[in-house]
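Engineer: Heads up: the sequence lines are chains A and B, in that order. First residue of the first sequence? That's 0 in our numbering, and the numbers climb one at a time after it. First residue of the second sequence? That's 425 in our numbering, and the numbers climb one at a time after it.
The hints are all genuine.
What follows is a set of in silico ranges between Cβ atoms, one per label pair, in the way DEER data are often shown:
1. B/Ser530 / A/Asp8: 41 to 47 Å
2. B/Ser530 / A/Glu323: 49 to 55 Å
3. A/Arg149 / B/Glu784: 55 to 61 Å
Because the hints were derived from the structure by calculation, they are not lab data. All C-beta atoms, glycine included, are put in the ideal place defined by N, C-alpha and C.
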Amino acid sequence: MSTTEQMEDLEEFRLRARAWLKENMPLLPPGKQNNDLQRIDEEGDGSRSRELQMKLFKGGFAGLCYPKEYGGQGLSPAHQAVFTEESATYEMPTALNIPHLTILGPSILECCNEEQKKRYLPKLISGEEVWVQFLSEPSGGSDLAGLVTRATQDGDVFYLNGSKIWSSGAYRADYALILARTNWDVPKHSGITVFIMKIHQPGVEVQKIKMANGPEEFCQEFFTDVPIPIENVVGDIDGGWSVASRLLFHERTAVSGASPYSSGLNTGSRSSGGEGINPELPNLANSLGLGNDEVARQLVAEAHINEVVGRQLVKRTGQNIAQENVPPTAASITRLFGGRSYVRRTDILQELMGRQMVAWEQSDEKIERYSLDYLVRQGGCLGGGSLEMSMNIISERVLGMLREYAADKDKPFKDVKHN
Amino acid sequence: MDLQLSEDQELFWETTSKFLESTCPLTTVREWATSEPAGFPRSWWSQGAELGWISMLVADEHGGGNVSGNGVADLALISEEFGRKDAPGPLVPVSIVAAALSRYGSDAQRAQWLDGLVAGESFASWAIGRHFGLGATSTLQVTRSGDSIVLNGTLSPVEASDIAGVFLVSGDIEGVGVNVLVPADSSGLSIQELTSIDLVRRFGTLTFDNVTLGAESILAGDGDEQFFALADIAAVLQSAALAGMVDLWLGLTIEYAFDRHSFGRPLASYQALKHRFAQLKTSTEAALATSVAAAEAVGLGAPRASEFASVAKAYTGDLAAKGLHECVQLNGGIATTWDHDLHLHLRRAVQDTALYGTPEEHRERLAQIIGMGN
Chain A
0 MSTTEQMEDL EEFRLRARAW LKENMPLLPP GKQNNDLQRI DEEGDGSRSR
50 ELQMKLFKGG FAGLCYPKEY GGQGLSPAHQ AVFTEESATY EMPTALNIPH
100 LTILGPSILE CCNEEQKKRY LPKLISGEEV WVQFLSEPSG GSDLAGLVTR
150 ATQDGDVFYL NGSKIWSSGA YRADYALILA RTNWDVPKHS GITVFIMKIH
200 QPGVEVQKIK MANGPEEFCQ EFFTDVPIPI ENVVGDIDGG WSVASRLLFH
250 ERTAVSGASP YSSGLNTGSR SSGGEGINPE LPNLANSLGL GNDEVARQLV
300 AEAHINEVVG RQLVKRTGQN IAQENVPPTA ASITRLFGGR SYVRRTDILQ
350 ELMGRQMVAW EQSDEKIERY SLDYLVRQGG CLGGGSLEMS MNIISERVLG
400 MLREYAADKD KPFKDVKHN
Chain B
425 MDLQLSEDQE LFWETTSKFL ESTCPLTTVR EWATSEPAGF PRSWWSQGAE
475 LGWISMLVAD EHGGGNVSGN GVADLALISE EFGRKDAPGP LVPVSIVAAA
525 LSRYGSDAQR AQWLDGLVAG ESFASWAIGR HFGLGATSTL QVTRSGDSIV
575 LNGTLSPVEA SDIAGVFLVS GDIEGVGVNV LVPADSSGLS IQELTSIDLV
625 RRFGTLTFDN VTLGAESILA GDGDEQFFAL ADIAAVLQSA ALAGMVDLWL
675 GLTIEYAFDR HSFGRPLASY QALKHRFAQL KTSTEAALAT SVAAAEAVGL
725 GAPRASEFAS VAKAYTGDLA AKGLHECVQL NGGIATTWDH DLHLHLRRAV
775 QDTALYGTPE EHRERLAQII GMGN
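Using the sequences plus the hints, can you model the full thing?
Structural biologist: This is the structure in C-alpha cells:
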C-alpha cells in the first residue's frame, strides 16, 4: 500500500465520492435498508450485487483498500470508512462483503502467487467472479483441521472427493478456495492443501440447505473425482493450514465488523455496521407504542450500549494486535463479544414485541422477519466458529492457559479416529 | 488505559502510579481507613496534588494545565490508577468542582476557592439534586427570594462531606438547572456523617434549613448545560476507575489460576474455568475500550460526547461488581474474607457505580439521546 502522503486527501476524496455516488448509484427506497434488499438478492441469483459492484469498479470506487496492480484503489481504511459513510443512503452491493470481499479477497492477496493474483483479483474486485470458501465438513464442525475431503495427486492434476458444508451462496458463486487432505501419513495440520476450484463443473453438486427460519442461502457440496490442475494450488502442497489460518483470521475480522475491505452500510439486526446511532430498535419500540415505557427504554438503551461498545472494542483490539501486545488470535475477543451481544439484542427484540412475535398479519414483513430470525438466534454464536472455540482461543492463545487435551496431537491423521 | 499514550502522558501516569505504590500500598490504605479521619493524611493529598491531580481540568490562566491537550483523558489515567490502587481521597468531586470553577466561575469565585483545590490544601464536593435524572437521593428545593437564593431539604450521599470547604450544589429553580457554590460553614447547613460500603472514602448527608446565599454564589450561565458537561466528566473518570479495578483483579486472578493446583492440575487447565476467564477478559477489554473512547470524546468536546460518557458509565458500572464477584468465585472462599484485598475494590466498585448516575440512570439518558419516546 502506498504511504498516506501519496494518497488522496480524505476530504477531497469525500467530495469526489459524494459527487460520484449522486450521479451513479441508486438511492435506497424509502424505509428500506441494504439488509432488506440483500435478502431478496440472495434469494435470487445475486445478479443485482454483481451489477452494483461493477458500477463501483468502473467508477474507481471498488476495492478501495486493495492494491492498484490487482484492480483496487490502493487507498487506506480511513478512505473506506469515508466511502461507507457517504454511501449510507445508497443501494450498495453489501451482499458481496462477507465472504467475497472481506475473507476471500484478502486471503488471496496474502497467500496466492503473483500469477494467481493477477488472474483472479481484478475480477473478484469487479464482481465479475464471485468467491466463497469451502472449509467446514459435515463430519466436523469446530475441528476444522480434522477435515477428510481428499485430494489425490496424479501427475499435474489432483482429484477431489468428499463434501463441504455451510458455504453461503455457493450456488451463485464462481470460485472457491477449498481445503482438502493431501497427506494422511502426517499429523492433521501438516497434510492439508488449499486449492482454487471452479464451482460449476462436472463432479461438483451444490445443494441448498433450508434454514429453520426459511432462507436457503447456505449450501452443501458433494465432490466426485473433480480434477484440479496443479497451478491451482495455493501456497505449498501440504502447507495449506497457514492459508486456512489467514482465511480464519479474515473471517473473524469480517464477522466482528473490523474488516477494512468491507464496503457500504449494512444496516440490519446484527449491527449497524456504521458509526452512527442505529435507529432500528428505537424506531421499532416507538412504533410499538413503547417509546415512553420505562422497561423498554432500559432494554433499547442496553442494546445500543452493546453496539457502541462492540465497535469501541473492535478498535481497541485492532490497536492491541497492531502494537503486538496480543497475538492476532485476539480477534476472537471481538467475535465473542459480538456473538453474545447479538443474542442479547435478539432477546431484547423478542421482549419488546411480546405476543406479536407469535402471530402477525400476513402483510407485516418486518414483524415476520424479526419473529423468524429469533428461531436462528444461535446462528450468531456458531457461524464463523462457535463461541466455545473463541473462548478456547482467548484463554489459550491470549491468556496463555493450558491447551485442551487433543487425542490427535502428533499422530498421523490416518491413525486418528474421525467421523 | 489508552493504548496510544503520548510520552508526556506516560510519564504523568507513571509518576502517580509510583507515588501511590510507595506512599499507600493496600496495607497503608487499610490502616488509613481507620487511623485517619478523612481516610488519608492531608499532607499526602497535597503531595499528590503537586503531581498535577487537580490541575488537569483547570485552565492554564487559572493555575492549572493539562498534559496532552485533553485534560479529561489525562485525568482519566489518574482515576484509573486510583481505582487499581484503591487510593483514598475525593479525586472525582474535587476535580469536578475545580473544572466548574475554571470553566464557569467568576473571578471572585475562583479567587475564593480554586487555588486551594489545585494546591491540594482544601477540598470541595459535588451534591446533585433530582432534577437532572443522574445523582443522589434528594429532597432539595432551591428558591429565589429577592436577590438571594434559599436552599432547603437533604442531599445524600455526598462524598468528602467531612472535609469539603465548599459544595457545588446542582439543583433547579422551578425546573431550570442551577449550580450553586455553598460554603460548608453556611448558616443552616448541617452535615451528618454516614457509614459507607467503601472503606476508604467518606460520605455524608447534607441538610439545608433555609440556607440563604447571595446571587453571586450561582455559577453564571446555563445550569443544565453546565451540569451535564460536568456529569460527562464524572462518568468518564468513574468508568476509567471501574474498568481499572476489574482489569487489575482479572490479572491477579489469572495468575492465581496458574499457581493454584487441584487434582494435580493448575486451575488454568480446566475448560470450565478457562471459558469464564475468556468471557471476563472480553468484558474487561470492552470496559477499557469504552472508557478510553469516552475520555477522548468528552475531553475533545465531540458531538457524541454525552452519549459515549453514558455508554461508558452504564457498561463499566454493570460490569464492575459482577466482574469482581466472578473473580471472588474464581479465587475461592479465601476471597470472601476480610484479609483478602478483593473486597476493598468490590466496595469501591459498588460505591462508584451508585454515584453521579447509576447505570439505570445513564441508560434512561441514552434512551432519550437515541430517540425513544416523545
